[in-house]
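Undergrad: What follows is the residue order along each chain.
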Amino acid sequence: KAGVTQTPRYLIKTRGQQVTLSCSPISGHRSVSWYQQTPGQGLQFLFEYFSETQRNKGNFPGRFSGRQFSNSRSEMNVSTLELGDSALYLCASSSSSFTAYEQYFGPGTRLTVT
Amino acid sequence: GDSVTQMEGPVTLSEEAFLTINCTYTATGYPSLFWYVQYPGEGLQLLLKATKADDKGSNKGFEATYRKETTSFHLEKGSVQVSDSAVYFCALLIIQGAQKLVFGQGTRLTINP
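Protein chains in written order, with our numbering: chain A, 1 to 114; chain H, 1 to 113.
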């Protein structure tokens, strides 16, 4: 089974721009979660999608948004980029069965805002 | 709120030494507990998990036991290798109509030959 894939792997953007990151979950997985990893704040939960619905959202400003498509692929968008948005953005997928709530992570997208 | 506290790193050991990385948690209800490992330039890999009290998760020589009475999930390995050098994250999974992982701050482990 192919793992979680994320594109692009690296991005450099300028303050004020917007960016869209993509995540393809493991085949059959319907839940997709996004996390931000920074040296200062560690790993922080952004949001979780299941069957195209956002079920949970972390404590991030409205500039951070996401969506999920019918094939479970997900995108997250950050508008009006700030220097502090520089981070590794990780996507994780999970199946819907109770006994398999492990989250499997992709390699991440490293975003640098200049 | 729900939180995870890991022992501060970095931790440096010699090859074949015994490893313990402490992890304690605060949570309402009965969360599942996980250890993830992150190698340089990569995402997180699931190392092991435990879903209820007294469960022992194990993988690749690593073990951790879910201790409800001490709210702990310490990671152990009897004999570490250079290839175990990485950052280790303890996490708890909250399921309240949705899934959310809460992570500790991570512990950087370096194994010297």
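Calculated directly from the structure, the hints in this document are not laboratory data.
For each residue, glycine too, the CB sits at the ideal point set by N, CA and C.
Errors might be hidden in some of the hints.
[As the list claims (entries may be wrong)] The calculated label-pair distances, taken between Cβ atoms and stated as ranges, are:
| hint | chain 1 | residue 1 | chain 2 | residue 2 | range |
| --- | --- | --- | --- | --- | --- |
| 1 | A | Phe-69 | H | Glu-16 | 28 to 38 Å |
| 2 | H | Arg-108 | A | Gln-44 | 34 to 44 Å |
| 3 | H | Thr-12 | A | Gly-42 | 17 to 27 Å |
| 4 | H | Glu-15 | A | Glu-52 | 45 to 55 Å |
[As the list claims (entries may be wrong)] The following residues of chain H were derived to be distant from chain A, with all beta-carbon distances above 10 Å:
| hint | residue |
| --- | --- |
| 5 | Thr-12 |
| 6 | Glu-42 |
| 7 | Asp-55 |
| 8 | Thr-65 |
| 9 | Glu-76 |
| 10 | Ser-79 |
| 11 | Ile-95 |
| 12 | Gln-96 |
| 13 | Gln-99 |
| 14 | Lys-100 |
| 15 | Gln-105 |
Undergrad: Each of the hints needs a verdict: does it hold here or not?
TA: Each hint, compared with the structure:
| no. | hint | verdict |
| --- | --- | --- |
| 1 | A:Phe-69 - H:Glu-16: 28 to 38 Å | 49 Å, violated |
| 2 | H:Arg-108 - A:Gln-44: 34 to 44 Å | 19 Å, violated |
| 3 | H:Thr-12 - A:Gly-42: 17 to 27 Å | 21 Å, holds |
| 4 | H:Glu-15 - A:Glu-52: 45 to 55 Å | 49 Å, holds |
| 5 | Thr-12 | 19 Å, holds |
| 6 | Glu-42 | 6 Å, violated |
| 7 | Asp-55 | 13 Å, holds |
| 8 | Thr-65 | 18 Å, holds |
| 9 | Glu-76 | 20 Å, holds |
| 10 | Ser-79 | 26 Å, holds |
| 11 | Ile-95 | 7 Å, violated |
| 12 | Gln-96 | 8 Å, violated |
| 13 | Gln-99 | 6 Å, violated |
| 14 | Lys-100 | 5 Å, violated |
| 15 | Gln-105 | 5 Å, violated |
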